[in-house]
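K.L.:
Sequence:
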Amino acid sequence: RVVRVGGPVSLLRSVRLDGAFAAACARAGIEQTSIATDRTGDAGAQVTRRVLSSTPRPTAIVYDDDVMAVAGMGVAREMGLEVPRDLSLVACDDSPLCQAVRPALTVLSRDVGAYGGAAVRLLFEGIDGRRPRRVRDRPATLVTRESTGRAPDMISYTDTIRLIT
1207 RVVRVGGPVS LLRSVRLDGA FAAACARAGI EQTSIATDRT GDAGAQVTRR VLSSTPRPTA
1267 IVYDDDVMAV AGMGVAREMG LEVPRDLSLV ACDDSPLCQA VRPALTVLSR DVGAYGGAAV
1327 RLLFEGIDGR RPRRVRDRPA TLVTRESTGR APDMISYTDT IRLIT
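Residue numbers (the working numbering): 1207 to 1371.
Derived from the structure by calculation, the hints contain no laboratory data. Certain hints may be false.
To be verified - Ranges of calculated distance between the beta carbons of each label pair, as one might list FRET restraints:
#	residue 1	residue 2	range
1	1305	1239	25 to 31 Å
2	1262	1325	39 to 45 Å
3	1288	1335	57 to 63 Å
4	1339	1261	49 to 55 Å
5	1260	1226	20 to 26 Å
6	1260	1337	48 to 54 Å
7	1328	1252	35 to 41 Å
8	1252	1291	22 to 28 Å
9	1260	1356	17 to 23 Å
10	1357	1330	34 to 40 Å
11	1252	1337	41 to 47 Å
12	1225	1291	29 to 35 Å
13	1259	1316	30 to 36 Å
Here a beta-carbon is modelled for each residue, glycine too, at the ideal position from N, C-alpha and C.
Make the full structure from the sequences, and use the hints.
P.N.:
See the structure below:
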């Protein structure tokens, strides 16, 4: 079971991520749940505590941003879970924070500079009275770091022996 901790449904980004997440999980045959929240560390911690206390406990949590993911990692530790052995965590934003925490967070990374440049071009085109051209969305890149691993129920007997020796 995979849980997505997203932003408020009033944000188009959250709605799009919810749809993409649900579609990807459906294609992979993975049970998923999406929970909307206000994208703060406190909200991320509260939702994480709630979902990790539920049955069945998720094997992975995907957060809308780095701050919620780091807060969620702290809650997992408080609850005695080891990331990634017991739980995988992913953030949908990359920042230096994602590399500073241990384990380092796996992320969906975007070229923020390219997005900023496109926004400035669109703004100037609008100011100049030109019809802004359409901007192609660039797909995010999965940057695998230390916070993701195989789901606990997928670990083989051999892997279990290797973990305890």
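K.L.:
Decide, hint by hint, whether the structure agrees.
P.N.:
A quick look at each hint next to the structure:
Checked against the given bound of 25 to 31 Å, the beta carbons of residue 1305 and residue 1239, roughly 28 Å apart, stay inside it. The beta-carbon spacing between residue 1262 and residue 1325, approximately 42 Å, falls within the hinted interval of 39 to 45 Å. Evaluation of the 57 to 63 Å hint for residue 1288 and residue 1335 yields a pass: the beta carbon distance comes to about 58 Å. The hinted window of 49 to 55 Å between residue 1339 and residue 1261 holds, with their beta carbons roughly 51 Å apart.
The supplied range of 20 to 26 Å is met by residue 1260 and residue 1226, whose beta-carbon atoms lie about 24 Å from each other. The hinted window of 48 to 54 Å between residue 1260 and residue 1337 holds, with their beta carbons roughly 50 Å apart. The beta-carbon spacing between residue 1328 and residue 1252, approximately 37 Å, falls within the hinted interval of 35 to 41 Å. Checked against the hint of 22 to 28 Å, the C-beta distance between residue 1252 and residue 1291 comes to roughly 24 Å, which is consistent with it.
As the Cβ distance of residue 1260 to residue 1356 is approximately 21 Å, the hint placing it in 17 to 23 Å holds. A hinted range of 34 to 40 Å for the beta carbons of residue 1357 and residue 1330 is inconsistent with their spacing of about 48 Å. Hint check: residue 1252 to residue 1337, Cβ distance near 45 Å, so the stated range 41 to 47 Å holds. A hinted range of 29 to 35 Å for the beta carbons of residue 1225 and residue 1291 is consistent with their spacing of about 31 Å.
Residue 1259 and residue 1316 have their C-beta atoms about 32 Å apart, which keeps the hinted 30 to 36 Å range intact.
In this structure, the one hint that does not hold is number 10.
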